[in-house]
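**Q** Each chain is listed here by its residues.
Number of protein chains: 2
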Amino acid sequence: MKINIKDVAKEANVSMTTVSRVINNNYPVKSETRKRVEKAIKKLNFSPNILARSLVNQNTKTIGVVTPSINNLFFPTVIKGIEGILRKNEYSIYLCDTDDKPEEEIDYIKSLLGRQVDGIISIDPKTENMDNGFYEDISKSIPLVCVNGYNEGVNCNFVLNDEASGAEQAMKYLIDLGHTDIIFIRGEKSYSYDLKEAVYKKVLKENKLLKNKKIINIGEGNSNDTVENTMDIIFKRLEKIKDKSPIAFFTCNDLMALGVMNACKKANFNVPEDISIIGFDNILVSSLVEPKLTTVDQNMYALGENAANRILHIIRNDDKELTKIILDTKLVIRGSCSKVNV
Amino acid sequence: MKINIKDVAKEANVSMTTVSRVINNNYPVKSETRKRVEKAIKKLNFSPNILARSLVNQNTKTIGVVTPSINNLFFPTVIKGIEGILRKNEYSIYLCDTDDKPEEEIDYIKSLLGRQVDGIISIDPKTENMDNGFYEDISKSIPLVCVNGYNEGVNCNFVLNDEASGAEQAMKYLIDLGHTDIIFIRGEKSYSYDLKEAVYKKVLKENKLLKNKKIINIGEGNSNDTVENTMDIIFKRLEKIKDKSPIAFFTCNDLMALGVMNACKKANFNVPEDISIIGFDNILVSSLVEPKLTTVDQNMYALGENAANRILHIIRNDDKELTKIILDTKLVIRGSCSKVNV
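Protein chains in written order, with full-length UniProt numbering: chain A, 1 to 342; chain B, 1 to 342.
Here chain A stands alone, though its shape is the one from the complex (with noise of 0.2 Å):
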């Protein structure tokens, strides 16, 4: 069924070693026999075996991309990130989406090792896979870039974002609207979850408002059910306030913000006037609801355009140096934020 060099050489009348030298380009060819050729190449659809010449040059132009879902909507955008960089560079994406279970993070990258490909970029790699060495280990067998999911102390390259800078941005914007009532959300275990934690237990102490602490871990922190399921723990807990002094909440990603905005609704609660709400990542929907979400913006585009280039250095210039490529953030304030009225 698949069209090989014997094909086009029957269909040019040439012989295989023809075709060949006009593939290559390695020996001369007349001009007229090239022709027939090339002709007999676009009429068949027929392209050069990647895969034999990956068996000789040893490497296959391929990387393999693991992600925790492929439709949210921030891992998209990370990878057309990586995909524009790659696809200039005539390198191919295998897509992995482990449904943000950990053992499928190890079963796909193994899976990977097996089809030869050139490196990995793993897009939020799960913690315990970080904690249990096995980043680590992998890392010493390819070239691996990870985007986010930074672990102190695990020796990968990374690419991330000043999540930290984000958080505090964030909690102090808040802070200087008067909220002095901030509940955080969060997912289930991640350094990421955990980074932005510690920041809001730090700007809460450094404004003696520790003794207000409420966090509320909303379980799978970045499914497409991440709204629903936020939307249902945090209307419970709506429902039963029954004064309403202003509250903020502040959430780890803006999944989990568009679910307590949609609460707020079924509440009855007004955001930004009853309610302030600041999301981080800054996805596309952040600025299709309304109000439109403030929220810390990530760069998903660039996370994806420097994973890949980096990749593609490693690649390169088998540079055994691993690096912590840090980008910035910044708070993008729209209108789902309040100062509140003393």
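Note that these hints are calculated values from the structure, not bench results. It is possible that part of the hints are untrue.
To be verified - Derived contacts from chain B toward chain A, CB cut-off under 10 Å, selection only:
| hint | residue |
| --- | --- |
| 1 | ASN13 |
| 2 | THR17 |
| 3 | VAL65 |
| 4 | GLU83 |
| 5 | LYS140 |
| 6 | MET261 |
| 7 | LEU284 |
Stated by the list, open to error - Taking lysine-lysine pairs in the BS3-like style, the calculated list, with each CA pair at most 25 Å apart, reads:
| hint | chain 1 | residue 1 | chain 2 | residue 2 |
| --- | --- | --- | --- | --- |
| 8 | A | LYS101 | B | LYS110 |
| 9 | A | LYS244 | A | LYS101 |
| 10 | B | LYS110 | A | LYS6 |
Said to hold, decoys possible - Here are the computed distance ranges between Cβ atoms for each label pair:
| hint | chain 1 | residue 1 | chain 2 | residue 2 | range |
| --- | --- | --- | --- | --- | --- |
| 11 | A | ASP131 | B | ASN59 | 55 to 61 Å |
| 12 | A | ASP176 | B | GLY335 | 34 to 40 Å |
| 13 | B | GLU273 | A | ILE325 | 46 to 52 Å |
Built from N, CA and C at the ideal position, the CB exists for glycine as well.
Fit chain B to the given chain A structure using the hints.
**A** Here is chain B on its own, set in the frame of chain A:
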């Protein structure tokens, strides 16, 4: 850098033949030896070279997935559906994002042939590549399944939604609500837009409303800019409207519908009181906005699953018969349309 069978043999202190026997499970190996080899495989994170096997078996266990854009809300869900099925069957995905460009689509598919993929799934293939015979040619040389992008007279495998039925349900719903001024929003060239436009005209004609026909082409219809572009175009139109007689919009996808919704907000029209809006696709965001969008559900996940199952069937059975799988569509009534008061 990469671990090979030799490293495993050394680690386990056995011959390469023994390692090979353990991996392929084709000759008896002493239990104690097997355990030692398995331990070494685990320790070194070794995976058998699928690449080398591929050349022998003449298959790569790889499917190319071609999409106009990885970071909108429709395509990632289709891909997730594809990925779930392929993963279970131990196939990997080559991800190809064409940036909605017909020439990139051709380049990518040719490169997939060169990479010896076992099959190709093309999501929303470009109409011009259907018209110019490209897809029909490709279909002859490799198992190919197109998701949407159906084109009459083109011999390919298709997995489709019954978009005509969905469009008709949407139009009839608006007519039943009493709307006579229905504006149709579409993007540039695409079979799907043409098909919905035909239904739009048909239903108008059946209801003697053809004189009210208004079609707005907002250009590129399937990127993240679609919302903003649609908003700009529709806002300019709404600004000029002096009286607030009820109008309705039927849009070719939810991104356009969100754009219309934002334009309404900006121009101080209330949805659904002043203006009714129906989208198409039922992407996640459609249920995250307020009011929630009435739209036509496309079963995006099921489209992907069906495409994946179909391509596996074709590959495994060398099935040359071309099929058209048509999935049901259903109007999802939410909050963005209202009855016209007479």
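**Q** With reference to the structure, classify each hint as holding or not holding.
**A** Now the hints, each set against the structure:
no., hint, verdict
1, ASN13, "violated, 20 Å"
2, THR17, "violated, 20 Å"
3, VAL65, "holds, 7 Å"
4, GLU83, "holds, 5 Å"
5, LYS140, "holds, 8 Å"
6, MET261, "holds, 9 Å"
7, LEU284, "holds, 6 Å"
8, A:LYS101 / B:LYS110, "violated, 34 Å"
9, A:LYS244 / A:LYS101, "violated, 40 Å"
10, B:LYS110 / A:LYS6, "holds, 18 Å"
11, A:ASP131 / B:ASN59: 55 to 61 Å, "violated, 37 Å"
12, A:ASP176 / B:GLY335: 34 to 40 Å, "holds, 36 Å"
13, B:GLU273 / A:ILE325: 46 to 52 Å, "holds, 50 Å"
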